[in-house]
Amino acid sequence: MKFDYNNMLSERIGDKGISMSQLEAIAPAIKKATQAMKEKRMAWRDLPYNQAEVIKEIKEYVSQMKDQIDAFVVLGIGGSALGPLAVQQALNHPHYNELPREKRGGNPKLYVVDNIDPERLVYLLQAIDPKRCLFNVISKSGSTSETMSQFMILQSILEEKLGKELARKHIVCTTDPISGNLITIAKQEGYKTFYIPSAVGGRFSELTPVGLLPAAFCGIDIEGLLEGAAYMDALCSEDDINKNPAHMYAALHYLGMTTGKNISIMMPYVDRLKLIGDWYAQLWAESLGKKYDRKGNIVNVGQTPVRALGATDQHSQVQLYAEGPYDKIVTFIGVDEYHETITIPKSYSDMPSLGFLGGITHNDLLQTQQKATEYALTKAERMNLTITIPKVTPQTVGQLLYFFEVATAFAGELLDINAFDQPGVEEGKDATYALFGRPGYEAKKAELEAAPPKNPQFILISENHVDDRAENRRL
Numbered sequence: 003m004k005f006d007y008n009n010m011l012s013e014r015i016g017d018k019g020i021s022m023s024q025l026e027a028i029a030p031a032i033k034k035a036t037q038a039m040k041e042k043r044m045a046w047r048d049l050p051y052n053q054a055e056v057i058k059e060i061k062e063y064v065s066q067m068k069d070q071i072d073a074f075v076v077l078g079i080g081g082s083a084l085g086p087l088a089v090q091q092a093l094n095h096p097h098y099n100e101l102p103r104e105k106r107g108g109n110p111k112l113y114v115v116d117n118i119d120p121e122r123l124v125y126l127l128q129a130i131d132p133k134r135c136l137f138n139v140i141s142k143s144g145s146t147s148e149t150m151s152q153f154m155i156l157q158s159i160l161e162e163k164l165g166k167e168l169a170r171k172h173i174v175c176t177t178d179p180i181s182g183n184l185i186t187i188a189k190q191e192g193y194k195t196f197y198i199p200s201a202v203g204g205r206f207s208e209l210t211p212v213g214l215l216p217a218a219f220c221g222i223d224i225e226g227l228l229e230g231a232a233y234m235d236a237l238c239s240e241d242d243i244n245k246n247p248a249h250m251y252a253a254l255h256y257l258g259m260t261t262g263k264n265i266s267i268m269m270p271y272v273d274r275l276k277l278i279g280d281w282y283a284q285l286w287a288e289s290l291g292k293k294y295d296r297k298g299n300i301v302n303v304g305q306t307p308v309r310a311l312g313a314t315d316q317h318s319q320v321q322l323y324a325e326g327p328y329d330k331i332v333t334f335i336g337v338d339e340y341h342e343t344i345t346i347p348k349s350y351s352d353m354p355s356l357g358f359l360g361g362i363t364h365n366d367l368l369q370t371q372q373k374a375t376e377y378a379l380t381k382a383e384r385m386n387l388t389i390t391i392p393k394v395t396p397q398t399v400g401q402l403l404y405f406f407e408v409a410t411a412f413a414g415e416l417l418d419i420n421a422f423d424q425p426g427v428e429e430g431k432d433a434t435y436a437l438f439g440r441p442g443y444e445a446k447k448a449e450l451e452a453a454p455p456k457n458p459q460f461i462l463i464s465e466n467h468v469d470d471r472a473e474n475r476r477l
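Numbered by the working numbering, the letters in the sequence shown go through residues 3 to 477 in order.
Hints are not guaranteed to be accurate.
[As the list claims (entries may be wrong)] Result set (DSSO-like, lysine-lysine): computed pairs, CA atoms no more than 30 Å apart in a straight line: (1) K245 x K34; (2) K4 x K40; (3) K18 x K189; (4) K68 x K4; (5) K18 x K194; (6) K293 x K348; (7) K4 x K18; (8) K293 x K447; (9) K18 x K381; (10) K194 x K133; (11) K393 x K61; (12) K194 x K166; (13) K68 x K18; (14) K431 x K297; (15) K42 x K348; (16) K194 x K111; (17) K189 x K133; (18) K33 x K18; (19) K373 x K393; (20) K431 x K456; (21) K42 x K18; (22) K447 x K245; (23) K393 x K431; (24) K42 x K68; (25) K194 x K4; (26) K245 x K61; (27) K194 x K68; (28) K40 x K245; (29) K42 x K431; (30) K4 x K348; (31) K105 x K194; (32) K68 x K163; (33) K381 x K189.
[Claimed, not checked] Derived DEER-like restraints, expressed as beta-carbon distance ranges: (34) P455 x A324: 22 to 30 Å; (35) Q321 x K105: 38 to 46 Å; (36) N264 x I461: 51 to 59 Å; (37) G361 x A313: 53 to 61 Å; (38) T261 x N183: 43 to 51 Å; (39) K431 x A129: 29 to 37 Å; (40) Q321 x F358: 32 to 40 Å.
Hints were generated in silico from the structure; no laboratory data involved. C-beta: ideal position from N, C-alpha, C; glycine also.
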């Protein structure tokens with residue numbers, strides 16, 4: 003992986019950039035954060051090395067089950083959905099589910115149900131045969147309302163269609179090994195279960211069975227993912243920040259935040275990595291967006307992550323990046339080699355505005371547009387940096403995932419916050435529990451009921467009878 007941060011620095015973009023003296027000024031904070039990363043050695047950092055038995059069990063289970071099913075369906079939300087989706091799009095055919103089974107390597111289709119919009123599940127059930135599916139329920143606590151409600155609905159459907167004994171074979175759980183509702187249910191019902199290490203949080207769990215099991219069912223080289231992560235771990239264990247790309251990424255963003263760069267744009271120039279942006283958005287936002295530092299001071303820190311795709315969003319967002327507020331840092335992700343090459347015909351050579359395209363490849367066109375956008379932003383004195391991988395493979399995807407996880411944790415150390423909790427998320431969860439009358443949340447319910455009512459003066463209601471007019475047209 004190549005990490006180029008030239009365009010973050012003042013020698014490239016003038017006083018809108020970061021000077022070497024600014025980096026030197028935070029050297030004590032960098033040293034302290036580096037030591038903290040060593041002392042804490044979070045459990046997810048050992049995942050590339052300690053899962054040989056897990057990999058063996060996953061492969062045996064996939065071998066046993068894959069020919070018995072047409073689809074593998076993930077029930078999860080947050081990291082339990084974003085990670086599997088990002089890896090699937092990165093490493094499999096973009097129209098994987100539409101291919102005949104033999105062109106999928108004999109592997110089942112993959113569906114990820116990551117929301118509780120009622121239409122979502124109903125329409126999925128119209129497209130699949132539950133009797134030919136394996137449903138992977140992913141929840142560490144087993145109290146995630148969205149996931150567990152999906153599970154309860156599908157459990158009921160399976161048991162009605164197949165009976166309890168056969169239905170059991172169509173559900174596999176991924177959860178905490180010790181505590182929580184889902185491990186209790188799995189043991190009680192006799193479901194096959196894989197475990198998320200207790201010390202690994204959801205948004206850092208893609209390299210556990212959360213992501214490895216769906217990937218394996220879709221024929222992805224899960225050992226390659228871990229090999230890439232291990233390679234990146236070695237790079238990210240360097241004390242010298244000039245040799246540690248993840249620490250440098252975090253330090254540059256930290257300095258950017260101190261000067262109002264409160265938006266982090268993730269802009270891959272390869273469709274395969276588009277959903278890496280979605281996965282990154284949760285990782286960066288949920289980890290770093292915090293009200294309090296570790297001393298209890300109100301700091302309200304963090305960056306808002308935005309997902310973009312080159313060249314698509316050159317035509318929708320780059321205008322803002324180039325001429326809007328100086329509040330963004332853009333991360334480009336490029337590749338040296340695409341999986342396919344397509345050449346533009348030498349048509350319309352008499353039209354200069356089209357003729358120049360003849361004979362070049364889409365590969366060259368996309369890479370050139372990435373360079374041109376980077377140049378345009380740099381000329382406009384906008385902070386940007388570029389990550390380039392040789393090709394999208396299991397190893398390089400493993401590198402990218404691990405790189406951003408380490409960068410996130412290191413940024414948390416520099417900000418002196420807890421990057422591994424999510425109290426803002428818990429507040430919304432608690433309010434949901436209270437509104438539905440879940441036992442233990444009576445005080446929260448009373449708090450909600452005591453909130454002042456909304457003023458109807460500020461609620462606009464349209465009464466233009468659009469539906470009536472549509473019905474008249476039909477008649």
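These are the hints, each one checked on the structure:
| no. | hint | in the structure |
| --- | --- | --- |
| 1 | K245 x K34 | holds (17 Å) |
| 2 | K4 x K40 | holds (24 Å) |
| 3 | K18 x K189 | violated (58 Å) |
| 4 | K68 x K4 | violated (37 Å) |
| 5 | K18 x K194 | violated (55 Å) |
| 6 | K293 x K348 | violated (57 Å) |
| 7 | K4 x K18 | holds (24 Å) |
| 8 | K293 x K447 | holds (23 Å) |
| 9 | K18 x K381 | holds (11 Å) |
| 10 | K194 x K133 | holds (17 Å) |
| 11 | K393 x K61 | holds (25 Å) |
| 12 | K194 x K166 | holds (14 Å) |
| 13 | K68 x K18 | violated (54 Å) |
| 14 | K431 x K297 | holds (25 Å) |
| 15 | K42 x K348 | violated (59 Å) |
| 16 | K194 x K111 | holds (20 Å) |
| 17 | K189 x K133 | holds (22 Å) |
| 18 | K33 x K18 | holds (25 Å) |
| 19 | K373 x K393 | holds (17 Å) |
| 20 | K431 x K456 | holds (22 Å) |
| 21 | K42 x K18 | violated (35 Å) |
| 22 | K447 x K245 | violated (52 Å) |
| 23 | K393 x K431 | violated (40 Å) |
| 24 | K42 x K68 | violated (39 Å) |
| 25 | K194 x K4 | violated (41 Å) |
| 26 | K245 x K61 | violated (36 Å) |
| 27 | K194 x K68 | holds (14 Å) |
| 28 | K40 x K245 | holds (16 Å) |
| 29 | K42 x K431 | holds (29 Å) |
| 30 | K4 x K348 | violated (34 Å) |
| 31 | K105 x K194 | holds (28 Å) |
| 32 | K68 x K163 | holds (20 Å) |
| 33 | K381 x K189 | violated (60 Å) |
| 34 | P455 x A324: 22 to 30 Å | violated (45 Å) |
| 35 | Q321 x K105: 38 to 46 Å | holds (40 Å) |
| 36 | N264 x I461: 51 to 59 Å | violated (31 Å) |
| 37 | G361 x A313: 53 to 61 Å | violated (19 Å) |
| 38 | T261 x N183: 43 to 51 Å | holds (45 Å) |
| 39 | K431 x A129: 29 to 37 Å | holds (30 Å) |
| 40 | Q321 x F358: 32 to 40 Å | violated (24 Å) |
Taken one by one, the earlier hints fail for this structure at numbers 3, 4, 5, 6, 13, 15, 21, 22, 23, 24, 25, 26, 30, 33, 34, 36, 37 and 40, listed in ascending order.
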